[in-house]
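Peer 1: Sequence:
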Amino acid sequence: MTKPVISLQNVVVTVGQGTQILKGINFDISPGDFITVLGTNGAGKSTLFNAIAGDLAVSEGKILHNDKDITHHSAVERTKMIGRVFQDPKMGTAPRMSVAENLLLSEKRGQRRTLRPRGLSNAKLAEYRKITATMGNNLEDRLQTPTGSLSGGQRQALSFLMATRVKPELLLLDEHTAALDPKTSEQLMHATNEQVTGNHLTALMITHNLSDALKYGNRLIVLNAGEIILDVRDEEKKNLSEDKLLKYFAI
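Just so you know, the sequence shown maps onto residues 1 to 251 in UniProt numbering.
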């Protein structure tokens with residue numbers, strides 16, 4: 001049996017005066033899983049991501065990476081194996097650096113960044129032009145443009161490319177299309193699916209879009225009040241409908 005990339009064992013996250021946000025989560029993420037994550041506001045979705053990424057301390061339980069206990073590893077240590085794209089297109093990129101410079105910087109994920117990304121070679125620019133063209137939003141024509149001057153969709157596409165430039169062992173997509181208009185969101189979701197499935201990435205994706213949750217990925221989980229109340233995969237997931245999913249939001 002293939003061992004999990006990440007395993008959460010009885011994970012509890014408590015904040016404030018003893019408020020439990022995650023309540024004894026047991027959850028294995030297998031290599032190649034593309035898991036869509038649903039839940040109402042306050043269900044614990046972002047807390048789950050923050051606990052996995054090391055941005056939030058675990059109060060009880062363990063987090064394992066390839067059977068190694070990383071519960072107390074810092075977020076910086078975990079960047080060596082985790083890529084993340086946030087909801088806000090402004091996060092994850094350096095606004096004053098060009099698109100090409102941001103991509104070059106992303107190749108140093110998990111390493112000491114003593115790099116001064118200036119004077120990119122023609123070969124490197126050609127490589128980046130090919131990569132950015134896969135996003136379908138003309139990002140390849142803006143390689144020398146400061147990232148802060150990009151549209152929201154282009155900047156989010158760049159964030160996605162940066163998170164996957166060095167293949168992560170786990171990719172966290174934290175509502176990465178939520179701030180985009182419907183057309184741009186659909187475009188980025190198509191590109192996301194192509195990259196995740198084509199490069200055999202292991203990914204978790206938070207979404208509030210039931211259609212996307214059903215359409216993409218091989219597995220789906222629903223969180224409610226800090227607990228996983230549904231975890232389905234493959235054929236069982238394919239047999240779900242939006243109406244059936246909505247019942248879990250009425251609990």
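One or more hints might be untrue.
In silico EDC-like links for lysine to aspartate or glutamate, alpha-carbon gap of 16 Å or less [as the list claims (entries may be wrong)]:
id, residue 1, residue 2
1, Lys215, Asp234
2, Lys167, Glu107
3, Lys80, Asp55
If you are wondering where the hints come from, they were derived from the structure by calculation, not from laboratory data.
Peer 1: Does each hint hold? Answer for all of them.
Peer 2: Hint-by-hint comparison with the structure:
| no. | hint | result |
| --- | --- | --- |
| 1 | Lys215 <-> Asp234 | holds, 11 Å |
| 2 | Lys167 <-> Glu107 | holds, 10 Å |
| 3 | Lys80 <-> Asp55 | holds, 14 Å |
The structure meets every hint from the earlier list without exception.
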